[in-house]
Amino acid sequence: SKYFATLMKISIVIPNFNGKELLEKNLPNVFKAVENSKNNIGEVIIIDNGSTDDSLQYLKKSFDGRYKLIRHSKNRGFSTAINTGVRSSHADLVLLLNSDVSPEVDFLEKPQELFVDPQVFAVSLHENGHGPSRAAFNNGIIDIGFTKPESKKVELTFYASGAASLFRKSTWQILGGMDEKLLSPFYWEDIDICYRASKRGYTILWSPDGRVVHNHESTSSKLPKKYVAR
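Quick note on the numbering used here: the sequence shown kicks off at 1 and runs consecutively.
Calculated directly from the structure, the hints in this document are not laboratory data.
Please read these numbers as outputs of a predicted model, since none were measured by experiment.
A portion of the hints provided could be inaccurate.
Said to hold, decoys possible - Distance condition first, Cα-Cα at most 30 Å in a straight line; then the derived BS3-like pairs of lysine-lysine:
1) 9 x 225
2) 153 x 20
3) 152 x 226
4) 68 x 9
5) 9 x 110
6) 226 x 9
7) 68 x 169
8) 60 x 74
9) 25 x 225
10) 181 x 169
11) 38 x 225
12) 74 x 225
13) 38 x 74
14) 9 x 38
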């Protein structure tokens, strides 16, 4: 609609750490989606977390002029990279997209319309094989070990995945972004910010139409297993 075309531009934020192979595999589909004007994508921001591979050379060779690059001198963790990207974005909505995620060409057309409701903070996209997330308090901790089946309707979800979700930037700023002091280098930062949003009355939704394929944990798999487990 004209409303979204004029007001609700989207910034894509992609973190990268030694991810040349992932970028080669998935970025072409990201830029195909950028070319679809109905997605309303205004910019692509890539945050490099101190990569030592050839990923930056690949980006310059293949997509020069089509993205904004922000470089960290060392790997400062997922939440810090994301917060840096969101701060530097210029759109009303921010799409967090991991480098191991490949989107459909129309993946933002429908999900963005859900933000017409000012209480909506985030919309989790439809990762192939995964439905909305659910959670419960068990013995004083939040158990997120189960999800609802995939469906064909928009549903409430406990959190929006930091790998492939849309967020309203103004609410993100009110919440102070991801907690990089407590939750660095990675895991649970997306659950935490959505939980903080829910406690303040904001809504988190899951969209069946925002289809993406996510090859989970492709970046963390490059790190020592004991480090990741800890």
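Hints, verified against the model:
{"no.": "1", "hint": "9 x 225", "result": "violated, 39 Å"}
{"no.": "2", "hint": "153 x 20", "result": "violated, 35 Å"}
{"no.": "3", "hint": "152 x 226", "result": "violated, 39 Å"}
{"no.": "4", "hint": "68 x 9", "result": "holds, 16 Å"}
{"no.": "5", "hint": "9 x 110", "result": "holds, 14 Å"}
{"no.": "6", "hint": "226 x 9", "result": "violated, 41 Å"}
{"no.": "7", "hint": "68 x 169", "result": "holds, 18 Å"}
{"no.": "8", "hint": "60 x 74", "result": "holds, 20 Å"}
{"no.": "9", "hint": "25 x 225", "result": "holds, 24 Å"}
{"no.": "10", "hint": "181 x 169", "result": "holds, 20 Å"}
{"no.": "11", "hint": "38 x 225", "result": "violated, 41 Å"}
{"no.": "12", "hint": "74 x 225", "result": "holds, 20 Å"}
{"no.": "13", "hint": "38 x 74", "result": "violated, 36 Å"}
{"no.": "14", "hint": "9 x 38", "result": "holds, 10 Å"}
Of the numbered hints given earlier, the model fails hints 1, 2, 3, 6, 11, 13; all others are met.
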